[in-house]
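Those protein sequences? They're chains L and Y, same order as listed. Adding 127 to a residue's 1-based position in the first sequence gives its number in my numbering. Adding 345 to a residue's 1-based position in the second sequence gives its number in my numbering.
Since the hints were made in silico from the structure, they are not lab data. Honestly, I wouldn't trust all of these hints.
What the hints assert, rightly or not - Listed below are the simulated EDC-like cross-link pairs for lysine to aspartate or glutamate, each with C-alpha atoms no more than 20 Å apart in a straight line:
1. L/K225 with L/D200
2. L/K240 with Y/E374
3. L/K332 with L/D357
4. L/K240 with Y/D372
5. L/K435 with L/E173
6. L/K425 with L/D208
7. L/K435 with L/D450
8. L/K240 with Y/D373
9. L/K436 with L/D450
10. L/K435 with L/D195
11. L/K225 with Y/E374
12. L/K240 with Y/D382
13. L/K436 with L/D208
14. L/K498 with L/D268
15. L/K240 with L/D340
16. L/K225 with Y/E367
17. L/K240 with Y/E409
18. L/K498 with L/E243
19. L/K225 with Y/D372
20. L/K225 with L/D358
21. L/K498 with L/D259
22. L/K312 with L/E210
23. L/K225 with L/D195
24. L/K435 with L/E243
What the hints assert, rightly or not - Examples of chain L residues toward chain Y, derived with CB under 10 Å:
25. G391
26. G405
27. A466
28. H477
As the list claims (entries may be wrong) - Where chain L lies over chain Y, by a calculated footprint (3+ residues, C-beta under 8 Å):
29. 351-360
30. 390-402
Owing to the predicted nature of the structure, the values given are computational and were not obtained by experimental measurement. Just so you know, even glycine gets a beta-carbon here, dropped at the ideal spot from N, CA and C.
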Amino acid sequence: MTADLPVSAERNCPVINWNVGEPRPVHTYVTELGELREQAPIAWNEYAAGHWMLLTHELVREAFQAPDVFCSDATIFTVPDPEWHWIPTMENPPQHTKYRHVLNPPFSPRAVKALEPEIRRAAVETISAFKDRGSCDFVGDFAVRYPTRVFLSILGLPEEHTDMFVAWVEDIFAGFGGGEEAMAKMASAQEASNQYFADLLESRKREPLGEGDFFTTLLNAQVGDRAITDDEFLNIAEVLLLAGLDTIKSQLGYMFLHLAGSPGHRQRLISEPQIVPGAVEEYLRVFAIVMDGRKVAKDVDFHGCPMKKGDMVMMCIPSASRDPRAFPEPDAVDFDRVAIGHIAFAAGPHRCLGSHLARLELAVALDEWHKLIPDYVAVDTGTLRETGPQLGLDELRLRWDVSQ
Amino acid sequence: MKILIDANRCTGHGRCYSLTPELFDADDEGYGTVLADQVESGSPLAEGAERAIRNCPESAIRLEA
Numbered sequence: 128m129t130a131d132l133p134v135s136a137e138r139n140c141p142v143i144n145w146n147v148g149e150p151r152p153v154h155t156y157v158t159e160l161g162e163l164r165e166q167a168p169i170a171w172n173e174y175a176a177g178h179w180m181l182l183t184h185e186l187v188r189e190a191f192q193a194p195d196v197f198c199s200d201a202t203i204f205t206v207p208d209p210e211w212h213w214i215p216t217m218e219n220p221p222q223h224t225k226y227r228h229v230l231n232p233p234f235s236p237r238a239v240k241a242l243e244p245e246i247r248r249a250a251v252e253t254i255s256a257f258k259d260r261g262s263c264d265f266v267g268d269f270a271v272r273y274p275t276r277v278f279l280s281i282l283g284l285p286e287e288h289t290d291m292f293v294a295w296v297e298d299i300f301a302g303f304g305g306g307e308e309a310m311a312k313m314a315s316a317q318e319a320s321n322q323y324f325a326d327l328l329e330s331r332k333r334e335p336l337g338e339g340d341f342f343t344t345l346l347n348a349q350v351g352d353r354a355i356t357d358d359e360f361l362n363i364a365e366v367l368l369l370a371g372l373d374t375i376k377s378q379l380g381y382m383f384l385h386l387a388g389s390p391g392h393r394q395r396l397i398s399e400p401q402i403v404p405g406a407v408e409e410y411l412r413v414f415a416i417v418m419d420g421r422k423v424a425k426d427v428d429f430h431g432c433p434m435k436k437g438d439m440v441m442m443c444i445p446s447a448s449r450d451p452r453a454f455p456e457p458d459a460v461d462f463d464r465v466a467i468g469h470i471a472f473a474a475g476p477h478r479c480l481g482s483h484l485a486r487l488e489l490a491v492a493l494d495e496w497h498k499l500i501p502d503y504v505a506v507d508t509g510t511l512r513e514t515g516p517q518l519g520l521d522e523l524r525l526r527w528d529v530s531q
Numbered sequence: 346m347k348i349l350i351d352a353n354r355c356t357g358h359g360r361c362y363s364l365t366p367e368l369f370d371a372d373d374e375g376y377g378t379v380l381a382d383q384v385e386s387g388s389p390l391a392e393g394a395e396r397a398i399r400n401c402p403e404s405a406i407r408l409e410a
């Protein structure tokens, strides 16, 4: 990006051509978005099909809170007319609200808290598998496997399926914006996971499990005043797989890259465990990873920019979360920050369904990792790359002393 | 002072009841509810309410005299 961007008279904002899926050196995305935000709160990106970019905390939040204008018919900003329909992600109120009434209770803070012992066990067992080696690829050995274990455990699926789920999720995410080969692998992973959930549906119909079983509850759910359909059940299962695993992996990567280079922050997490939940909030803010998309539902003048029905909008949460108008010294990692009204989990009706589970998984990871491996360094960081549009590291090499 | 949660704005981020459980709780879906709707101005509870207000991502909480 350059300092003086051309301004479009028609769109009344700067115009750029910014590749949103390109691997870049780690932290480049948030730096470039920050530069853009300080030039204008709204920009137009000519990349791919073209889309608006909302860059400040205030505007991103306002748009999330206005689903009648910024609707969820399409949520990947480079794909205005998707061939898929995710539930509840791509629903709009009032239908969206009906699905959330079904899905909110099993993902409520109370329900999630009851799973904490299982989550701790998943963390400890995953770390124990490589602890004595003195090194790991944090992403591949921990950040991918741990949330997958938690996911299976919460949904009542066998732990032995971890490797299978890890492979599906990797193939599916590599397929978004990937080449022909990646797309083919994505399609076969989607087919296999669909079949898995279809078999599961049949199995739960034949032999329903108790009240605590997620998929039995889902099978018996009422969407408004009617029973859930098989298609809805399978759609939701697939969406949980897509939404719940890669996000935690990415968030953990940035957190532990920071901690590996900051013994002071690490020490505080160890000596003051009560600050862990606040630290999680701060990490969610400073390393926000999601750049959600919305579709403009009707012609509107949004803060001076003429948006047309059908235009796509990129909700730049990573830049909103470091907006100095909302957060003083936004680039600093400050565990003592008193006001963190971040929107890393979005805002408005689509507030991340799994946010309470995510927070607990991140807190448990900070807790249990540092009990087992308190001192570590990141190696080969010069070659670290991140890839958008959902920001994440491909690998992170950590090393620690095992001589004692 | 009276603490109010605007149910039209609250989407269940849960910051209020995580930070100030003595004033707020969660319903079965995770939306915030007010436990003690009256707090004395300047009291520690009022400070807790202010903290929840400043951390609510939706600006759904307010204090009324």
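Quick rundown of the hints versus the structure:
A hinted pair counts as satisfied when its Cα atoms are at most 20 Å apart, and L/K225 with L/D200 qualifies at roughly 17 Å. With a C-alpha separation of about 13 Å, the suggested pairing of L/K240 with Y/E374 holds against the 20 Å cut-off. At roughly 10 Å between alpha-carbon atoms, L/K332 and L/D357 fall within 20 Å of each other, so this suggested pair holds. A C-alpha spacing of about 14 Å is found between L/K240 and Y/D372, which places the hinted pair at or below 20 Å, so the restraint holds.
The straight-line distance between the Cα atoms of L/K435 and L/E173 is roughly 15 Å, inside the 20 Å bound, and the hint therefore holds. Restraint check for L/K425 and L/D208: the C-alpha separation of about 16 Å stays at or below 20 Å, so the hint holds. Proposed proximity of L/K435 and L/D450 is contradicted: the alpha carbons are some 26 Å apart, above 20 Å. Restraint check for L/K240 and Y/D373: the C-alpha separation of about 13 Å stays at or below 20 Å, so the hint holds.
Between L/K436 and L/D450, the direct Cα distance comes to roughly 28 Å. Violation of the 20 Å bound is thereby established for this hinted pair. For the proposed pair L/K435 and L/D195, the alpha carbon gap of about 14 Å is at most 20 Å, so the pair holds. A threshold of 20 Å between alpha carbons decides the hint, and for L/K225 with Y/E374 the separation of about 12 Å falls inside it, so the pair holds. Restraint check for L/K240 and Y/D382: not satisfied, since their Cα atoms lie roughly 26 Å apart, outside the 20 Å limit.
Between the alpha carbons of L/K436 and L/D208 the distance comes to roughly 13 Å, so the proposed pair stays at or under 20 Å and holds. For the proposed pair L/K498 and L/D268, the alpha carbon gap of about 18 Å is at most 20 Å, so the pair holds. A hinted pair counts as satisfied when its Cα atoms are at most 20 Å apart, and L/K240 with L/D340 qualifies at roughly 16 Å. About 31 Å separates the Cα atoms of L/K225 and Y/E367, which puts this hinted pair outside 20 Å; it is violated.
As the CA atoms of L/K240 and Y/E409 are separated by approximately 32 Å, the hinted pair breaks the 20 Å bound. Between L/K498 and L/E243, the direct Cα distance comes to roughly 16 Å. Compliance with the 20 Å bound is thereby established for this hinted pair. The suggested pairing of L/K225 with Y/D372 holds, with an alpha-carbon distance near 17 Å, which does not exceed 20 Å. The suggested pairing of L/K225 with L/D358 holds, with an alpha-carbon distance near 16 Å, which does not exceed 20 Å.
As the CA atoms of L/K498 and L/D259 are separated by approximately 14 Å, the hinted pair is consistent with the 20 Å bound. Proximity of L/K312 to L/E210 is assessed by CA-CA distance (about 18 Å); at most 20 Å being required, the pair is judged to hold. The hinted pair formed by L/K225 and L/D195 meets the criterion: a straight-line CA distance of about 17 Å does not exceed 20 Å. Taken as a hint, the L/K435 and L/E243 pair is broken in the structure, with Cα atoms around 46 Å apart against an allowance of 20 Å.
At a threshold of 10 Å, the smallest CB-CB gap from L/G391 to chain Y is about 24 Å, leaving the interface hint violated. Among the interface hints, the one on L/G405 holds; its C-beta lies about 9 Å from the nearest C-beta in chain Y, closer than the 10 Å criterion. With a least beta-carbon distance of about 4 Å to chain Y, the hint placing L/A466 at the interface is held under the 10 Å criterion. This hint holds: L/H477 has a C-beta 8 Å from the nearest C-beta of chain Y, less than the 10 Å allowed.
A count of 6 residues in the stretch 351-360 of chain Y with a Cβ less than 8 Å from any Cβ of chain L is obtained; the coverage claim is therefore met, three being the minimum. A count of 5 residues in the stretch 390-402 of chain Y with a Cβ less than 8 Å from any Cβ of chain L is obtained; the coverage claim is therefore met, three being the minimum.
Violated hints, in rising order: 7, 9, 12, 16, 17, 24, 25; the structure is consistent with all others.
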